[in-house]
Amino acid sequence: MDKFGLYVPQLLPFKEHFLPQAHPACMGCGVALGVRQAYKALEETKGWMKKASWEIPWEQPLPGSLIKSKKEKREMIRPAMLNIEKKSQASLLICFDNEAVEGKLSPTVFKKWIPAVAVARGLHYVATACPSYPFDLIDKVKRAMECEGSSYIHILSPCPVGWDFDSEFTVNIGRYAVECAIFPLYEVVAGDYRLTIDHPGVRPVEQYIKMQNRFKNFKQKDILEIQAEVDREYAKLREGKV
Amino acid sequence: MAKLKSVKQSEPHVWKDTKVGCVLLEEGKAKPFEMGQKPLLIPVWDKEMCVRCGLCYIFCPDAAIKRSDDGYYEADLDYCKGCGICHRECWFGAISMTEEK
Chain A
2 MDKFGLYVPQ LLPFKEHFLP QAHPACMGCG VALGVRQAYK ALEETKGWMK
52 KASWEIPWEQ PLPGSLIKSK KEKREMIRPA MLNIEKKSQA SLLICFDNEA
102 VEGKLSPTVF KKWIPAVAVA RGLHYVATAC PSYPFDLIDK VKRAMECEGS
152 SYIHILSPCP VGWDFDSEFT VNIGRYAVEC AIFPLYEVVA GDYRLTIDHP
202 GVRPVEQYIK MQNRFKNFKQ KDILEIQAEV DREYAKLREG KV
Chain B
249 MAKLKSVKQS EPHVWKDTKV GCVLLEEGKA KPFEMGQKPL LIPVWDKEMC
299 VRCGLCYIFC PDAAIKRSDD GYYEADLDYC KGCGICHREC WFGAISMTEE
349 K
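Quick mapping for you: the protein sequence lines, in order, are chains A and B.
The working numbering puts the first residue of the first sequence at 2, with every later residue one more than the last.
The working numbering puts the first residue of the second sequence at 249, with every later residue one more than the last.
FYI, nobody ran anything at the bench for these hints, they're computed from the structure.
It is possible that some hints are incorrect.
[As the list claims (entries may be wrong)] Partial selection, computed: residues in chain B whose CB lies under 7 Å from chain A:
{"hint": "1", "residue": "Cys301"}
{"hint": "2", "residue": "Gly302"}
{"hint": "3", "residue": "Tyr305"}
{"hint": "4", "residue": "Ile306"}
{"hint": "5", "residue": "Phe307"}
{"hint": "6", "residue": "Ala311"}
{"hint": "7", "residue": "Lys329"}
{"hint": "8", "residue": "Cys331"}
{"hint": "9", "residue": "Gly332"}
{"hint": "10", "residue": "Ile333"}
{"hint": "11", "residue": "Arg336"}
{"hint": "12", "residue": "Glu337"}
{"hint": "13", "residue": "Gly341"}
Beta carbons: idealized from backbone N, C-alpha and C, even for Gly.
Pulled out of the complex, with its shape left as it was, chain A reads as follows (with noise of 0.2 Å):
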């Protein structure tokens, strides 16, 4: 990180639209910080509830990530996502994944991946992000505010309570998933990909899973099945072709 990149957070405004009264979540959490970050790319519009403690008119929070193998897990993402395909209005889905809705915690199963169902549904904007990344995180929902039609921001926010590590490395652990390349950090504009943060040197898996005690059922094999899941996906993304 250069001098520029160290100073910048100075350059975003101070004022705080979500109020620190307004959420009772656990200390060091993913989904609040995600939730503060993202506010700070909307400006105030004619829209804002001023008396409310969350000043932006909101609808039903979506449960986090879905699993292929339970058929109505699966079925919690139509309701919200019908809802914004069939508004006449152009509306901004944030999804907030701290990954609780895993159910049995098994090597072998992937979880639905979300960002590439509404690719496939035909949204105009969709991107995934993390609060470890500010900047990108802000830059990418003030990109889905301007484009015309409805647009979809994933948003990986870990949970220390869920994961079982220490509250302090809410943002560490974020990084080393993107690091990891676990969770790429990318944008979909009409159909084509483009990473916004790229390692030249990507990290092996095994650092991030060893952080969390949740996968501590893991072992060396299942790591390498996940490590060449990972690789393929990644290079599938590096390419353009998914």
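Put chain B on the given structure of chain A with help from the hints.
Positioned in the frame of chain A, the structure of chain B alone reads:
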């Protein structure tokens, strides 16, 4: 636990204060809550090491870190939960988590 600011300032609400027809003149909201439950460890800035970059400010999930007039940052202990992200993310090691006196 969370305390209501309005309750602290005024006298407790009794049945005589209820308006005719149980009309509520104020909407319910979470704004007056102080969600910071007294943290075990609080962040303390070392002003000699601090370069005023603002990384602690952007990574605080509770929006508890505020910029003071001289450009340095300090935590608002009403809202700080003592998670320690600022201590971990500070590049210069200027923030230490210490026990509250």
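If you test the structure against every hint from before, which numbers come out violated? Violated: hint 13 alone.
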